[in-house]
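Engineer: One letter stands for each residue in the lines below.
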Amino acid sequence: DAGITQSPRHKVTETGTPVTLRCHQTENHRYMYWYRQDPGHGLRLIHYSYGVKDTDKGEVSDGYSVSRSKTEDFLLTLESATSSQTSVYFCAISGEGEGDSYEQYFGPGTRLTVT
Amino acid sequence: LAKTTQPISMDSYEGQEVNITCSHNNIATNDYITWYQQFPSQGPRFIIQGYKTKVTNEVASLFIPADRKSSTLSLPRVSLSDTAVYYCLLTGGGNKLTFGTGTQLKVEL
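Protein chains in written order, with the numbering used here: chain A, 234 to 348; chain X, 2 to 110.
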C-alpha cells in the first residue's frame with residue numbers, strides 16, 4: 234500500500250470552530266487531493282495540489298482552504314466548521330501516469346462530526 | 002466532464018462471475034476507463050484501467066467495445082470478500098477524478 238496517512242482519524246467538533254486535517258505521504262508523489270464522501274454522493278473533490286504551494290479548487294471547495302508547504306504534507310482547513318461539513322474526508326496521492334490518466338492512492342479517511 | 006452510468010446494486014453468489022457494465026456515451030478521445038473498488042470504512046482502491054479492447058490483471062478483466070461507449074468490469078469467481086462498491090470513472094485530460102455513486106456488489110454464500 235502507498236505510504237499515506239491521515240490525522241486525526243476521528244474528530245468531533247462544534248459548529249464555528251476551526252478544524253485542520255492533515256495528510257502525510259512518504260511516496261514523494263507530486264499530486265495530492267482532498268475528497269469528501271457523503272451517503273448518496275460518492276466522493277467529491279474539494280481541493281487538489283499539483284506541487285508545493287500549487288493548489289486548485291475542486292467541485293465542492295466552498296468553506297475549505299488548503300495548504301502545501303512541503304511535498305509530503307497537504308493540509309485541509311475548515312475555517313469555521315458547519316454541520317454540513319460532517320463527512321468522511323479522504324486524502325489521495327498520485328504521481329505521473331502514462332498518457333493523461335493517473336492512478337490515485339487513497340488514505341484511510343478521517344471521520345469528522347460537527348455538532 | 003463526461004458522465005458514467007452504472008447499476009446501483011448487484012447481487013451474486015460465491016464462485017460466480019460478475020459483470021458490471023458502465024455506460025459512457027460521451028467519452029472523449031483522451032479518456033481512459035478506470036475502475037475503483039471501495040470497502041466500507043476504507044478509501045477507494047484502483048482495480049484496472051483500459052483504453053480499448055480488453056485488459057486483464059490478477060484481479061479483474063475490463064472489456065471495452067470498439068465504440069468505447071460502454072465498458073464491462075468482469076470479476077471471476079467472486080467471494081464474500083469482493084462485496085464492495087465499484088466505481089467506473091473516465092480519466093483523461095488531467096488527473097481530476099469524478100466519482101459517481103458506484104455499484105454496490107453484494108456476494109452471498
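Check the hints yourself; a few may be wrong.
[Unchecked claim] With a Cα cut of at most 27 Å, we get these calculated DSS-like pairs of lysine-lysine: (1) X:53 with X:4; (2) A:244 with A:303; (3) A:286 with X:55; (4) A:303 with A:290; (5) X:4 with X:97; (6) A:303 with X:97; (7) A:290 with X:4; (8) A:290 with X:107; (9) X:97 with X:70; (10) A:290 with A:244; (11) A:286 with A:303; (12) X:55 with X:97.
[To be verified] Chain X side only, calculated, beta carbon under 8 Å to chain A, not exhaustive: (13) 40; (14) 41; (15) 43; (16) 44; (17) 47; (18) 88; (19) 98.
By construction, these hints were calculated from the structure, which means they are not laboratory data.
Virtual Cβ for every residue (Gly too), placed ideally from N, Cα, C.
Engineer: The structure should be examined with respect to each hint, and the outcome stated for every one.
Structural biologist: Cross-check of the supplied hints:
1. A C-alpha spacing of about 18 Å is found between residue 53 of chain X and residue 4 of chain X, which places the hinted pair at or below 27 Å, so the restraint holds.
2. Simply put, residue 244 of chain A and residue 303 of chain A have alpha-carbon atoms about 24 Å apart, close enough for the 27 Å limit, and the pair holds.
3. With a C-alpha separation of about 40 Å, the suggested pair residue 286 of chain A and residue 55 of chain X falls outside the 27 Å cut-off, and the hint is violated.
4. For a cut-off of 27 Å, the pair hint linking residue 303 of chain A to residue 290 of chain A stands: about 19 Å separates their Cα positions.
5. Straight-line distance between C-alpha atoms of residue 4 of chain X and residue 97 of chain X comes to about 13 Å, which keeps the hinted pair within the 27 Å bound.
6. For the hint linking residue 303 of chain A to residue 97 of chain X, the alpha-carbon distance of about 21 Å falls within 27 Å, and the restraint holds.
7. For the suggested pair residue 290 of chain A and residue 4 of chain X, the alpha carbons sit about 20 Å apart, so the restraint of at most 27 Å is met.
8. A threshold of 27 Å between alpha carbons decides the hint, and for residue 290 of chain A with residue 107 of chain X the separation of about 35 Å lies outside it, so the pair is violated.
9. With a C-alpha separation of about 20 Å, the suggested pair residue 97 of chain X and residue 70 of chain X falls inside the 27 Å cut-off, and the hint holds.
10. Proposed proximity of residue 290 of chain A and residue 244 of chain A is supported: the alpha carbons are some 24 Å apart, at most 27 Å.
11. Of the pairs offered as hints, the one joining residue 286 of chain A and residue 303 of chain A holds, with about 8 Å between alpha carbons and a cut-off of 27 Å not exceeded.
12. The straight-line distance between the Cα atoms of residue 55 of chain X and residue 97 of chain X is roughly 24 Å, inside the 27 Å bound, and the hint therefore holds.
13. Interface hint status for residue 40 of chain X: violated, as the beta-carbon distance to the closest one in chain A is roughly 11 Å, over 8 Å.
14. Below 8 Å, beta-carbon pairs count as interface contacts, and residue 41 of chain X has none with chain A, the closest being about 11 Å; its hint is therefore violated.
15. Checking residue 43 of chain X against chain A: minimum C-beta separation of about 7 Å stays under 8 Å; hint holds.
16. Taking 8 Å as the C-beta contact cut-off toward chain A, the hint placing residue 44 of chain X at the interface holds, the least distance being around 3 Å.
17. Interface restraint check: residue 47 of chain X against chain A, minimum CB-CB distance 5 Å, threshold 8 Å, status holds.
18. A distance limit of 8 Å between C-beta atoms decides the matter here; for residue 88 of chain X the minimum to chain A is near 7 Å, and the interface restraint holds.
19. The beta carbon of residue 98 of chain X is positioned within 8 Å of a beta carbon in chain A (closest approach about 6 Å), and the interface hint is therefore held.
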